[in-house]
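Colleague: Chains as they are written, first to last, in this note's numbering: chain A, 1 to 627; chain B, 628 to 918.
Calculated from the structure, these hints are not laboratory results. Built from N, CA and C at the ideal position, the CB exists for glycine as well. A couple of the hints might just be wrong.
What the hints assert, rightly or not - Negatives, chain A to chain B, calculated, CB over 10 Å:
#: 1; residue: MET1
#: 2; residue: TYR64
#: 3; residue: GLY115
#: 4; residue: LYS168
#: 5; residue: ALA260
#: 6; residue: GLY311
#: 7; residue: ASP317
#: 8; residue: PHE329
#: 9; residue: ASP405
#: 10; residue: VAL428
#: 11; residue: GLU472
#: 12; residue: GLU480
What the hints assert, rightly or not - Which residues of chain B face chain A? A few of them, derived with a C-beta cut under 10 Å, are:
#: 13; residue: ASP688
#: 14; residue: ASP701
#: 15; residue: PHE729
#: 16; residue: LYS754
#: 17; residue: GLN797
#: 18; residue: HIS869
#: 19; residue: ARG882
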Amino acid sequence: MHEHDVIVVGGGGAGLRAAIAASEEGADTAIVTKLHPVRSHTGAAEGGINAALREGDSWEDHAYDTMKGSDYLGDAPAIETLAKDAPEEVINLEHWGMPFSREDDGRVSQRPFGGLSFPRTTYAGAETGHHLLHTMYEQAVKHGIQVYDEWQVTELAVTDHEDPEDRKCHGVVAYDVKHGNVEGFKANRGVILATGGPGQVYDHTTNAVSNTGDGYAMAYRAGVPLEDMEFVQFHPTTLPSTGVLISEGVRGEGGMLYNADGERFMFEHGYANNEGELASRDVVSRAELTEVNEGRGVDDEYVYLDMRHLGEERILDRLENILHLAEDFEGVDGLVEPMPVKPGQHYEMGGIETDENGETCIEGLYAAGESACVSVHGSNRLGGNALPELIVFGKRAGHHAAGKDMKEAEITTGYTDECEPGEVDTPVAPGSVRDTSDGVAADGGPESADDSGTRRTRSDGGALADPQAVVERTVEHERERVQSFLEEDEGVQHAAIREDLQASMTENVNVFRNEDGLRTALEDIREARERYQDVCVDDPSRTFNTDLLHTLETRNLIDLAEAITLGALAREEFRGAHWRQEFQERRDDEWLKHTLLRWNDGSPELFYKPVILEGESKTYEPKVRSY
Amino acid sequence: MSTQVPETETETEAETKSKPNQERRMAEKAERREAADRERLAREELEAADETVHLKVFRYDPEVEGKQEPRFDDFHVPFEKGMTVLDALIYARDHYDSSLTFRHSCRQAICGSDAMFVNGSQRLCCKTQLGELETPVRVEPLPHQEVVKDLVVDMQHFYDQMEAVEPYFQTDGTPNGELEEQRQDRKNREKIKMSTRCIWCGACMSSCNIAAGDNEYLGPAAINKAYRFYMDEREGKDMQEHRMRVLEQEHGVWRCQTQFSCTEVCPKDIPLTEHIQELKREAVKSNLKFW
Ligand SMILES: Cc1cc2nc3c(=O)[nH]c(=O)nc-3n(C[C@H](O)[C@H](O)[C@H](O)COP(=O)(O)OP(=O)(O)OC[C@H]3O[C@@H](n4cnc5c(N)ncnc54)[C@H](O)[C@@H]3O)c2cc1C
Ligand code: SF4
Ligand code: FES
Numbered sequence: 001m002h003e004h005d006v007i008v009v010g011g012g013g014a015g016l017r018a019a020i021a022a023s024e025e026g027a028d029t030a031i032v033t034k035l036h037p038v039r040s041h042t043g044a045a046e047g048g049i050n051a052a053l054r055e056g057d058s059w060e061d062h063a064y065d066t067m068k069g070s071d072y073l074g075d076a077p078a079i080e081t082l083a084k085d086a087p088e089e090v091i092n093l094e095h096w097g098m099p100f101s102r103e104d105d106g107r108v109s110q111r112p113f114g115g116l117s118f119p120r121t122t123y124a125g126a127e128t129g130h131h132l133l134h135t136m137y138e139q140a141v142k143h144g145i146q147v148y149d150e151w152q153v154t155e156l157a158v159t160d161h162e163d164p165e166d167r168k169c170h171g172v173v174a175y176d177v178k179h180g181n182v183e184g185f186k187a188n189r190g191v192i193l194a195t196g197g198p199g200q201v202y203d204h205t206t207n208a209v210s211n212t213g214d215g216y217a218m219a220y221r222a223g224v225p226l227e228d229m230e231f232v233q234f235h236p237t238t239l240p241s242t243g244v245l246i247s248e249g250v251r252g253e254g255g256m257l258y259n260a261d262g263e264r265f266m267f268e269h270g271y272a273n274n275e276g277e278l279a280s281r282d283v284v285s286r287a288e289l290t291e292v293n294e295g296r297g298v299d300d301e302y303v304y305l306d307m308r309h310l311g312e313e314r315i316l317d318r319l320e321n322i323l324h325l326a327e328d329f330e331g332v333d334g335l336v337e338p339m340p341v342k343p344g345q346h347y348e349m350g351g352i353e354t355d356e357n358g359e360t361c362i363e364g365l366y367a368a369g370e371s372a373c374v375s376v377h378g379s380n381r382l383g384g385n386a387l388p389e390l391i392v393f394g395k396r397a398g399h400h401a402a403g404k405d406m407k408e409a410e411i412t413t414g415y416t417d418e419c420e421p422g423e424v425d426t427p428v429a430p431g432s433v434r435d436t437s438d439g440v441a442a443d444g445g446p447e448s449a450d451d452s453g454t455r456r457t458r459s460d461g462g463a464l465a466d467p468q469a470v471v472e473r474t475v476e477h478e479r480e481r482v483q484s485f486l487e488e489d490e491g492v493q494h495a496a497i498r499e500d501l502q503a504s505m506t507e508n509v510n511v512f513r514n515e516d517g518l519r520t521a522l523e524d525i526r527e528a529r530e531r532y533q534d535v536c537v538d539d540p541s542r543t544f545n546t547d548l549l550h551t552l553e554t555r556n557l558i559d560l561a562e563a564i565t566l567g568a569l570a571r572e573e574f575r576g577a578h579w580r581q582e583f584q585e586r587r588d589d590e591w592l593k594h595t596l597l598r599w600n601d602g603s604p605e606l607f608y609k610p611v612i613l614e615g616e617s618k619t620y621e622p623k624v625r626s627y
Numbered sequence: 628m629s630t631q632v633p634e635t636e637t638e639t640e641a642e643t644k645s646k647p648n649q650e651r652r653m654a655e656k657a658e659r660r661e662a663a664d665r666e667r668l669a670r671e672e673l674e675a676a677d678e679t680v681h682l683k684v685f686r687y688d689p690e691v692e693g694k695q696e697p698r699f700d701d702f703h704v705p706f707e708k709g710m711t712v713l714d715a716l717i718y719a720r721d722h723y724d725s726s727l728t729f730r731h732s733c734r735q736a737i738c739g740s741d742a743m744f745v746n747g748s749q750r751l752c753c754k755t756q757l758g759e760l761e762t763p764v765r766v767e768p769l770p771h772q773e774v775v776k777d778l779v780v781d782m783q784h785f786y787d788q789m790e791a792v793e794p795y796f797q798t799d800g801t802p803n804g805e806l807e808e809q810r811q812d813r814k815n816r817e818k819i820k821m822s823t824r825c826i827w828c829g830a831c832m833s834s835c836n837i838a839a840g841d842n843e844y845l846g847p848a849a850i851n852k853a854y855r856f857y858m859d860e861r862e863g864k865d866m867q868e869h870r871m872r873v874l875e876q877e878h879g880v881w882r883c884q885t886q887f888s889c890t891e892v893c894p895k896d897i898p899l900t901e902h903i904q905e906l907k908r909e910a911v912k913s914n915l916k917f918w
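Sequences are here, hints too, so could you generate the full structure?
Modeller: Quick look at the structure:
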C-alpha cells in the first residue's frame, strides 16, 4: 500500500495546482493519474483565462458578469472568490514562466470574450491551456511531487457509515495500467478529485477520449451529491468527424454561418437578429440543430462556417491555427471551402458538490476543476472562466487538504436543513440493477449481488472505521471486480454499450430536450445498465489492457448519463444551457435552486438547495439574460 | 481493395461455465445474437462503404500466447473523407479486436499520446489523414523504444531526459509588487514561441540516430526544452550560464550531427535542429568569454 498525506487524483490543470498548493503547505503529496499530466485535456483549451487585472476593471465586474452568465444559478460566495483570487493566480502563473501573449509594454495581453463587460481574458496565443498545463507540470517537477502516471483510480476508500455526512475518505484504489496490479493509496490528510469533464457521455464532444467523468461517478457512489448535472454546455462550432473545436474567434473576426440553401440563417431565419453569429453558445447551437432538423442542413448533419471572405492575409494573421485544424482533422482547406460545423458537447457546468474550500460532505474528500461544482458557472459557463476556476479552487482545495487554516466556507454541502426533497417521475427505476441471478455481478464482488458499489456490504454490522482497513477492504473489492472482468470471456463488449448510450444521449438529452425524449433516454440508460451486468473483457492480458480500462470507464458513463438525464427531467424550466420544450421560460419563483442527486446506495435520491445570491456587499438581483 | 472482415483470432475456449439459471442462458443467447449482429453490421458497413483501407498493424503482448512473437494483423476499415489513422485504429479496435492497444486521448494533436511509426516515419496518428497515405498502411510502435504492448512504447526514458534539463522557470527577477508581472517584450516571447509548443510526443527522439546509439544523449526534445528557458530573457544572465553548463556536457548539444530527422518528424513544426545549432553557437560564444 502506498501512503501519502494528500493524494490528488488527476494531473490536469486543477490537479497540478492542488498538488503544488498542498506541497507548499508541507504535505507529502502525490498525483495519481491515468494519463501522464501533460497529456491531460486542459492542454486543449485555446481561448484564455479571465482575470480582472487592469485599471478600469474590477473583481466586482468579473463577478457580476459571471453571475449574469450563470443565469443566476451560480453561488455568490463561489463566484466572488473566483473573481477575487483570479488576478493573483494568473500573475502567479506568469511568475512561473508561463509564456503569455504580451502588449508592447511587456505586460500580459488581454482580449474581449463573450459575455464579458471588459477585455479581461489573458491568453497565450491560441494555446492557452497547453501553456498553463506545461507550466504547472514544470512546477510539479520542481517541487518533486511524486506522480504515479498511468494509474487509473477505480474507487474511493470511504467508511461505510449510514449517513454520507458521517463518512470519511481515507484514500483511493488504483489500477496500474502497465503491469495490471490493483493497489491501495492511503491518504492521511485528504483525497482531491480533479478528474476533468464527462464529455464521453455524448458521441460528439470536444472532450478527450479519456474524459469519462470517473471522479464524478466515484464520488457519487461514495455518497457525495452531484449538483446541477443537467447543465451541459454545447459548443456551436465543432468539426463533424472528430468534435475538434473551432474557436469562437472565427465568428468574432466575421465568419458567417450558412445552411445548405446558402442562407445566413442566424439572421434570415430570425434566431438572433442583433447578434447573429455572435449570439451566445446555446442560442447558436439550437439554431444550427433547428436548421438540420427542418431539412436545411448539409448532409442532414451540419452547417457551414465560412471565413473565405476575410481574405487570406487576415486569416493567416489571426486564424492560422484554424486552418491547420480544418486541414488536419477534417481534410478541408478553409481558404477555399467553407468548413463544416455542428454543435458538440463541450463542458459540464454541474459536478461534485463542494464548498469554496473544495471540500465535499465527506470528510477528507475534495474536488476541484471541471469535475467539481462550487458553483461558479451555474447554468451556463462564460468562455474563459474554467481555467481560472482550476487554479483558484485547485489551490484552495490543496491548501485545505494539507491542513492550512482557512476561512470557514459559506456554502453548505450534503443534505442540510436548507434542503428540500425532490421528486421526479421516471419510466423505469434509476440506480443499481438488483440482479437476482446467481452469476458474477459485473460490478460488485462476490458479496454484493448488485452494482451499488462497495459500501453497501457492511461485514460486521457497524461502520468500519480504521483507515488502513477501509483502504484494504476497497482494494480487495476492486481486485475481485477486475478479476471477474478478466475471467468472464463471454458477454457484451463495453464498446457496444457505450456506443448505444452515447447515441441515445445525443438524440435525447442534447440542446433540445422534452419529456418524451428524456424518458426514452432513461429507458435506454436502464438497458445499458442491464447489459453491463454481462459485460466482458476480451483481452486477457494484465499488460496495458485498455479494453479493461475502458470497460471500467463505461460504468461511470452510465451513472453520469443517468444523473444528467434525471436532472434534466426534474428541472421544468429553461435556464442557461437547459432548454425544455414544455417550459420555455426561466421560472425564478420555483427554480432558483440547485438540483442535487445522491446515489443513496443504489436508489438515487433527488433534492434541492437554494442558490446563494447574497454576495459580500450586495445581493445579485435576477435579471433577464440578454446581450 | 478487398472488403473482407478479418477473422477473429482471439476466440479460444468453446466451453462455457454451467449456469443453471434459465434466464441467464436466455440473456447469454441474446448477447451472442447481439455480438453476431454487431459483426454483421460491421460487415455491412464495409460492403456499403465505397472504399476501405487496409491496415497492417504491429501486434505484441509479452503475456498472451500467440502474441509473444511480434506479428502484423490485417484490418480492413471503411473509409470516409477526413478519416485519420487514429480513427482507423479506433474503428478496428471497437469493431474487430478489442485487445488492439494504443495510446490516444485528445484526438487533436495536443496530448502527444499517439506518435507511431506509420509507413516508415514517425507521425501523430490523429493528425495524419488516411487519404494521403500509400496502402496498405503499416502502423508500428515508435522505433528505438521498448515496446510494452502492440503500439504502446515505454516513455520513461523520454521523460527522464526531459526532466534532466531542469525543465522549470528559474528567475530572481520576480517583481515584489503585488499583482505585478515580470515584463517580457514581444520579440522575446516570439523568440521562444515555437520551442514552447512541444507536446512530448517523442517522435523526434525516436527518429534520431544519435539518441538510438547514445542512451544518455539528452535528445532533441529535452534540448529544445532547455532552449525555451535559455532564450527566455526573464531568467537572467546567471541562469543562462547555468543552463549552458547542462547543455554543453558530453551528452548535450555537441552530440547532434545535424541530420534534421527530428525537425522533419515534429508534428508541431518546431525547428529543432536550428535550435540545437543556435545553442552550439551560444556554447562557443560563452566559452570564448571565459578564455
Ligand atoms: C477544446 C476545449 C477548449 C477549451 N477552452 C477553454 C478556454 O479557452 N478557457 C477556459 O477557461 N476553459 C476552456 N475549456 C474548459 C477547460 O479547459 C476545462 O474545463 C479544464 O481544462 C478541465 O481541467 P481539469 O483539470 O478539471 O481536467 P483535465 O485537464 O481533463 O484533467 C483530468 C485529469 O484527471 C485524470 N483522470 C481522469 N480520470 C482518472 C482516473 N479514473 N484515475 C486517475 N486519473 C484520472 C486524467 O489523467 C487527467 O490528468 C476548454 C475545454 C475544451 C475541451
Ligand atoms: S519536439 Fe516535436 S517531435 Fe519532439 S516531442 Fe516535442 S512535439 Fe514531439
Ligand atoms: S490523440 Fe492526442 S495527440 Fe493524438
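Colleague: Compare the structure with each hint and give your call.
Modeller: Hint-by-hint comparison with the structure:
{"no.": "1", "hint": "MET1", "in the structure": "holds (23 Å)"}
{"no.": "2", "hint": "TYR64", "in the structure": "holds (20 Å)"}
{"no.": "3", "hint": "GLY115", "in the structure": "holds (24 Å)"}
{"no.": "4", "hint": "LYS168", "in the structure": "holds (33 Å)"}
{"no.": "5", "hint": "ALA260", "in the structure": "holds (17 Å)"}
{"no.": "6", "hint": "GLY311", "in the structure": "holds (23 Å)"}
{"no.": "7", "hint": "ASP317", "in the structure": "holds (14 Å)"}
{"no.": "8", "hint": "PHE329", "in the structure": "violated (6 Å)"}
{"no.": "9", "hint": "ASP405", "in the structure": "holds (21 Å)"}
{"no.": "10", "hint": "VAL428", "in the structure": "holds (17 Å)"}
{"no.": "11", "hint": "GLU472", "in the structure": "holds (27 Å)"}
{"no.": "12", "hint": "GLU480", "in the structure": "holds (17 Å)"}
{"no.": "13", "hint": "ASP688", "in the structure": "holds (5 Å)"}
{"no.": "14", "hint": "ASP701", "in the structure": "violated (18 Å)"}
{"no.": "15", "hint": "PHE729", "in the structure": "holds (8 Å)"}
{"no.": "16", "hint": "LYS754", "in the structure": "holds (5 Å)"}
{"no.": "17", "hint": "GLN797", "in the structure": "holds (8 Å)"}
{"no.": "18", "hint": "HIS869", "in the structure": "violated (15 Å)"}
{"no.": "19", "hint": "ARG882", "in the structure": "violated (23 Å)"}
Consistency with the previously given hints fails for numbers 8, 14, 18, 19, ordered from lowest to highest.
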